[in-house]
Amino acid sequence: MANNDYIVQVQDLFYRYDKENVLENINLSIQKGSFLAIVGPNGSGKSTLLKLMLGLIKPQKGTIRLFGQDISKFRDQHKIGFVSQKANSFNTGFPATVFEVVASGLTKKLGLFKFLKKSDQVKIKQAIGSVGMEKFLDRNIGELSGGQQQRVFIARALVSSPELLILDEPTVGVDAQNVNSFYEMLETLNKQNGITLLLVTHDIGTISDKVTNVACLNKNMHFHGSTVEFEQLKINEVSEIYGHDVHVLTHDHHHHEGAHS
Amino acid sequence: MISGLMQYEFLQNAFLTGMIIGVIAPLLGVFIVVRRLSLIADALSHVTLAGIAASLLLEKKFLFFSGLNPLYMGMAFSVGGSLFIEKLRTVYKHYQELAIPIILSGGIGLGVIFISLADGFNTDLFSYLFGSVSAVSRTDLWTILVISLLVIALVVMLYKELFLLSFDEEYARATGIAAKTLHFIFIIMVALVIAASMRIVGILLVSSLMTLPVAASIRFAKGFKQTIFFSILFGEISVLGGLFLSYYLDLAPGGTIVLIAVLILVLAIWFKKRASARSI
Numbered sequence: 001m002a003n004n005d006y007i008v009q010v011q012d013l014f015y016r017y018d019k020e021n022v023l024e025n026i027n028l029s030i031q032k033g034s035f036l037a038i039v040g041p042n043g044s045g046k047s048t049l050l051k052l053m054l055g056l057i058k059p060q061k062g063t064i065r066l067f068g069q070d071i072s073k074f075r076d077q078h079k080i081g082f083v084s085q086k087a088n089s090f091n092t093g094f095p096a097t098v099f100e101v102v103a104s105g106l107t108k109k110l111g112l113f114k115f116l117k118k119s120d121q122v123k124i125k126q127a128i129g130s131v132g133m134e135k136f137l138d139r140n141i142g143e144l145s146g147g148q149q150q151r152v153f154i155a156r157a158l159v160s161s162p163e164l165l166i167l168d169e170p171t172v173g174v175d176a177q178n179v180n181s182f183y184e185m186l187e188t189l190n191k192q193n194g195i196t197l198l199l200v201t202h203d204i205g206t207i208s209d210k211v212t213n214v215a216c217l218n219k220n221m222h223f224h225g226s227t228v229e230f231e232q233l234k235i236n237e238v239s240e241i242y243g244h245d246v247h248v249l250t251h252d253h254h255h256h257e258g259a260h261s
Numbered sequence: 262m263i264s265g266l267m268q269y270e271f272l273q274n275a276f277l278t279g280m281i282i283g284v285i286a287p288l289l290g291v292f293i294v295v296r297r298l299s300l301i302a303d304a305l306s307h308v309t310l311a312g313i314a315a316s317l318l319l320e321k322k323f324l325f326f327s328g329l330n331p332l333y334m335g336m337a338f339s340v341g342g343s344l345f346i347e348k349l350r351t352v353y354k355h356y357q358e359l360a361i362p363i364i365l366s367g368g369i370g371l372g373v374i375f376i377s378l379a380d381g382f383n384t385d386l387f388s389y390l391f392g393s394v395s396a397v398s399r400t401d402l403w404t405i406l407v408i409s410l411l412v413i414a415l416v417v418m419l420y421k422e423l424f425l426l427s428f429d430e431e432y433a434r435a436t437g438i439a440a441k442t443l444h445f446i447f448i449i450m451v452a453l454v455i456a457a458s459m460r461i462v463g464i465l466l467v468s469s470l471m472t473l474p475v476a477a478s479i480r481f482a483k484g485f486k487q488t489i490f491f492s493i494l495f496g497e498i499s500v501l502g503g504l505f506l507s508y509y510l511d512l513a514p515g516g517t518i519v520l521i522a523v524l525i526l527v528l529a530i531w532f533k534k535r536a537s538a539r540s541i
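Protein chains in written order, with my numbering: chain E, 1 to 261; chain L, 262 to 541.
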């Protein structure tokens, strides 16, 4: 079943915690070069699915393949960049510059007892540039706004040149008016740098037209297909997944936002 | 003072040891403070007291132990205590800070029992509690030097891993850093440095030499490396200035060292306030 076009393949995955199924019968595949958004309400098992994919916890049933390799044998962690939701709640008084934070993304790739080389410093500056933060190189991370910090954490994930970038609730803590430029930056990473993106969010309204695929999760996988197909879903079907009324985005939504800014 | 330094071996021992711990205590202190583990240093220093008392007791009761340097047993207890803290932290997953009062009171309790059993010591226990300019031996100096070189080498070699673990533990784990092993190495280094520093600043004030210089430098330093640099600078000023005052005023060095560190801290806070007021 190993297929090199798929960066992630999840099959018949079950995860139980305290006798309760958190995830049931999950099937998910992420194609190289795509931009997938996993949406689901709070408590739908999104974060658990991410933890499983990162190998932080083990499923009771089912398989996960990363880059065609079973996760238990996967050792190329540097191919996956991860921007955690907790990035917003780190110790803001921590005395580290933007450069130091981004450099820490190379820790695993460099390996034990190795120091930063000139070429690594170039890479770090490039990563900071690719998220538009080059002016803030020597600023302490705590002095930046939530959106700027989020960009720094993306740069930290990018510095080890990952092929897959995973973002957990990346727009939490980003000002509404900056969400659009944030998605534009992600689109550039996706289209120009060829990085496969996986974004997880509870807020269906933040899914932008930059996303190519959508998966709806609530313990089960309710929908997994292209963004175009997703938008053709009837609103009540989506409500069913969420269990309450939701405002589904349309492209109008974005035009509307654009008119304001 | 200079002539005293040339003349007396005990002064040379005290000043050389002071210079060494002025580097390593704030160096590890930076990691301790940013990881919010300041109280662990306190707990471990009290366990070290139990080890010192145990060693002095053995020395008094059994001739066989008469040559034993209390520093070794202090270190053994400190390392043992650090392992016990880690164990307790996994037992009380949701009340991790409970490990600190448990170890701290256990350490004092044990220390008090050993002291009472010995019915008082010939050796000045006071010097272990508050530090001493005259009590540092050549063996102490050599032991402390070896430990310090080991600690500095480890911190330099594992710098990026320790930084990542301190800044973002979850991310460190997610990227496949052996966080548990690293934390284990770290906590043992802390235990060793506490035992090593105790000769000069005293058990009761060891943790302040690890935290006060860091608290001052964190006020204005840009970045982590600069924080380390200023912490060590402030640590050195405190230790050397404190030893100097201690020698001339015949005071316990623990007190003079810590008071200088407090003074630096106050100046740093004042300086920062003035600087930010100006920028507005």
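Since the hints were made in silico from the structure, they are not lab data. Hints are supplied without guarantee of correctness; some may be wrong.
Ranges between beta-carbon positions, derived for each pair [to be verified]:
1. E:Gln121 x L:Leu410: 21 to 31 Å
2. E:Ser119 x L:Ala536: 34 to 44 Å
3. L:Phe490 x E:Gln126: 33 to 43 Å
4. L:Ser264 x E:Lys135: 23 to 33 Å
Values in this document were obtained by computation on a predicted structure and should not be read as measured data. C-beta atoms are modelled at their ideal positions from N, C-alpha and C, and glycine is treated no differently.
Could you tell me which of the hints above the structure violates, numbers in ascending order?
-> Those not satisfied are hints 3 and 4.
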